[in-house]
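Required output: the full structure, derived from the provided sequences and hints.
Number of protein chains: 2
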Amino acid sequence: MKFSQFFIPTTKEKPKDAILPSHQYLIRGGFINQVSAGLYNFLPLGHIVLNKVKAIIKEELDRVNCNEVTLGFVTPAHMWEESGRLGKYGKELLKFKDRKNIEFVLGPTHEEMMVNLVKNRVKSYKNLPVNLYQINTKFRDEARPRFGILRGREFLMKDGYSFHSSEDDMIREFNLMQETYSKIFKKLGLDFRIVEADSGAIGGSGSKEFMVLADSGEDTIVICKSCEYAANIEAAKRVKQEAPTTLPEAKFSKFKTEGIITIEDLSEFFKVDKHFFIKAVIKKAIYDDRDELIVFFIRGSDELEEIKALNSIGANDLIDATQDDLKDAPVGYIGPIGLNSKFIIDEELRGESNLICGANEINYHLVGVDLNEHLKDAHYADLTIVAEGDKCTCCGGVLHYTKGIEVGHIFQLGTKYSEALDANFLDENGKSKPFIMGTYGIGVSRLLSALIEQNHDDKGCIWTKATTPFLVNIVVSNAKKEEELSIGIDLYENLKNKGVNVILDDRKERFGFKMGDFELIGFPYAIIIGKKIKDGFVEVIDRKTLEKQEVEIGNLDKILEIIE
Amino acid sequence: MKFSQFFIPTTKEKPKDAILPSHQYLIRGGFINQVSAGLYNFLPLGHIVLNKVKAIIKEELDRVNCNEVTLGFVTPAHMWEESGRLGKYGKELLKFKDRKNIEFVLGPTHEEMMVNLVKNRVKSYKNLPVNLYQINTKFRDEARPRFGILRGREFLMKDGYSFHSSEDDMIREFNLMQETYSKIFKKLGLDFRIVEADSGAIGGSGSKEFMVLADSGEDTIVICKSCEYAANIEAAKRVKQEAPTTLPEAKFSKFKTEGIITIEDLSEFFKVDKHFFIKAVIKKAIYDDRDELIVFFIRGSDELEEIKALNSIGANDLIDATQDDLKDAPVGYIGPIGLNSKFIIDEELRGESNLICGANEINYHLVGVDLNEHLKDAHYADLTIVAEGDKCTCCGGVLHYTKGIEVGHIFQLGTKYSEALDANFLDENGKSKPFIMGTYGIGVSRLLSALIEQNHDDKGCIWTKATTPFLVNIVVSNAKKEEELSIGIDLYENLKNKGVNVILDDRKERFGFKMGDFELIGFPYAIIIGKKIKDGFVEVIDRKTLEKQEVEIGNLDKILEIIE
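Heads up: the sequence lines are chains H and B, in that order.
In terms of this note's numbering, the first sequence has 343 at position 343, counting the first letter as 1, and numbering is strictly consecutive.
In short: position in the second sequence from 1, add 1000, done, that's this note's numbering.
It is worth saying that the hints were derived from the structure and are not from the lab.
These numbers come from a predicted model, not from an experiment.
Where hints are given, some of them may not hold.
As the list claims (entries may be wrong) - List of simulated lysine-lysine pairs, DSBU-like, C-alpha gap at most 30 Å: (1) H:K480 <-> B:K1119; (2) B:K1186 <-> H:K496; (3) B:K1480 <-> H:K123; (4) H:K12 <-> B:K1431; (5) B:K1100 <-> H:K100; (6) B:K1376 <-> B:K1274; (7) B:K1058 <-> H:K58; (8) B:K1054 <-> H:K58; (9) B:K1183 <-> H:K496.
Below you can see the structure in the form of structure tokens.
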């Protein structure tokens, strides 16, 4: 391909609002352009990268007998009504009516469509398992689309759905998908971690995310310094914390603590470490049919993890309680003993004793609280944020934080959708059972951002060899000079004949301008046809290191060796 | 690929409303399934065919330096406002508002988006021409989606747009695209004709359509029996008709014709052939800002071609006039001489004399009318339907009708959109000029229907070699018999190693069922591993002819020779 025949509108202008390098460089390098908030076009260079990413995904999935399909993007709303998600999905679900006043949605995900497809078409356990996937457009009407194509509204996604006759077979496929996804991300040249994840709104039990490690990542990942353990902050576990000090046993009694309400002040007042206090966090839970105040009790030294808290009660959302909501509550003095509201206690506190908590009476706390003795039938759940320095449940090593970009997500979905949509098969005994499902996603277009977040410098993109639009960029220093142009064209043809993916910059532009484009666009290698040709040399530049090597004109083997 | 690992939900059930063979067989063969009116999923087999069609299109376009992009499907309505099409496009344009109440459309075509992309990114004649295309989803909210994926609402289209600094260069590209499209449709294995077409709502001057010949086609094509001439009925031309008889010259005068108003009756009354009458057809033209009655005058022996009539006046639409509209008009006696309303006369009548027409007075006609003499400054245009038996303007041969399915359309678009959207470049003299554009479309998903409309029998599909999901289907007659299965697997592996695109029907189903699927799905060849193996043979069946050939087990060369 020749630059002169290719639409590559590079620009020096930094797009406004482009905080992340990937956002800036993908636009400046002519890979994408913005149409509207969260809506992008993929220009020829961006399109080639997309195609390469798609081809790698397809190759690995087809190898393990996944079947590719293309599902309708415009989806009848009644399918979402049937699954119960039409109302729950929130404003990200874009709804509209057609000319006949029938309601549709722009598919943000395709569980409903896929289950409806398989329903009544796969009838027997004999025809299971089935794993169907597509690489297709999705739309989520994000409240704050941002970071270019990292969080767009219209985007390209690989979404796969598997159907099984047993839980075991679903788990086998889940593990196969984990392996396959790992191969895909390795092939793309990404540095990633597989992390334990929260299953969120999709539902189901086991769930893992594939995280590309990058400083700019939106997600906090907890990783162990000593073993392979990694988890999303919302799903991270830790070894139960040990008491920082021993504390003399206190008698269970009410204690006047007039005006002292924060854990800080109470710790000071009692001269007791925050570890021994029970902290109350009051939230309002939003359900389909009602709102409800819920109190979460955690250690004084811990912080509430809101996603964990939400999952513990199965509500749609959790929001801050207002002053009005709390007008009758003894705020600052709320504790689990004798509390009338619904409450959940952090797993860490299970069976603990010698604790201090609010007495549910203004100006009073209880000391010497034993949760075994003083509280019957409480509901416990994991509610707290794992902190840096906490201990790994796998090996006891020290946990710390890092940042990641989610590029893949695999779920053990179970029967949530097959039950809701009445999608069944006949088992060996002729009994009708709902399909057991897994679901597997890759954010295809956002992978371009992730690749550049992980591979760039202050000059521009540095594409991995598997994803670069072209491996080698032959830069003819002055395309008006016949000798330079002719050497460039010869080299271009020779490399093409060797199967090298090469682009020739034959534009009649200044050398500096063309080198700027090379660095901005980020092809792995440039070969400069310039002044050195009078001594019989061209120069090969490695984009990553920016190191130059002189190679004799015509020494194709040497060039092939350098670029491998 | 093995049948047992592939999701191919064939069915004997004929879908209701499936009139066309392609609609019926694509659903029954497990290529597609209907989601809602005009909305379809592409299942694994259909997806493979789609990919093959896309790959052939891409290969040929890339060869002539077209650049592939992917444009946003969700398009800001303001772009359509700017081009003036938001209101004009009609109900097929699906509009909706996002969560922030901003209006968008689902792109039914992408002129606006593409012009906005190139605008300000290509600044000089030096960077022209540019030809950008995409193969992407489109949505048109058809009033009557029908015939499966032949006229769907959501569909896959290749749309390309070229930008030029001169009319000549645009015409060069138009011709190149005509040649490239011909190569594409030939490669796909289609029997097609290139026809002169009407430019319709897109605007512009020259326009040609690529029509796949099929009895079920929705479009009537006029073709010459003696030369290559072919045109859409809306665009067809003919040699000016000769008078069927000679007629004695009549004096220009008013003639009482009480109660005689149809051409039939008048012809009888005057004993003059219908050729010599001027027939008035009254229509109501719908403009942006008004409605207006317009009279079209054609020969008594001709019929009005409504698209030609619409194009002659540049209105948005043409509808029948109501009785109320006509309450003051001398209906049955309307003629061009002395008429106050706006009227257009058919080109055939230009310069004609000795005609009879209405006198614009109830119960009177004029005879001996000479349009040169009795009418000044009339507007003439081609208004009539070319009939079978009319003469070809290229060679004088006889024209006749045939039916076709439109699969491609190329336009010389000119500056309509670049002017409306203020998209300019600087020419050699530094002067700002609007881009001169061409636009080129292929109905990608409907090609699957067209392929099957042209290639099927009463048992099912017959895919062309270029488009078939698999070339050879190895049918193991009884997959429970180890010997048969093992011979089948051997042959499958051997053919795969030879690069043959082969599928193995290893399902534990009845032989008849599997052969039924073969015939319904329509792979070009089946190889049957059955009873004949005891004599050392397998059978190769040609799907088109259903002829069988016995081949010795292990004689791979013979099989390769048969399937080429």
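Hint by hint, here is what the structure shows:
no.	hint	result
1	H:K480 <-> B:K1119	holds, 28 Å
2	B:K1186 <-> H:K496	holds, 28 Å
3	B:K1480 <-> H:K123	holds, 21 Å
4	H:K12 <-> B:K1431	holds, 25 Å
5	B:K1100 <-> H:K100	holds, 24 Å
6	B:K1376 <-> B:K1274	holds, 24 Å
7	B:K1058 <-> H:K58	holds, 18 Å
8	B:K1054 <-> H:K58	holds, 16 Å
9	B:K1183 <-> H:K496	holds, 24 Å
Hint compliance for this structure: every hint is met.
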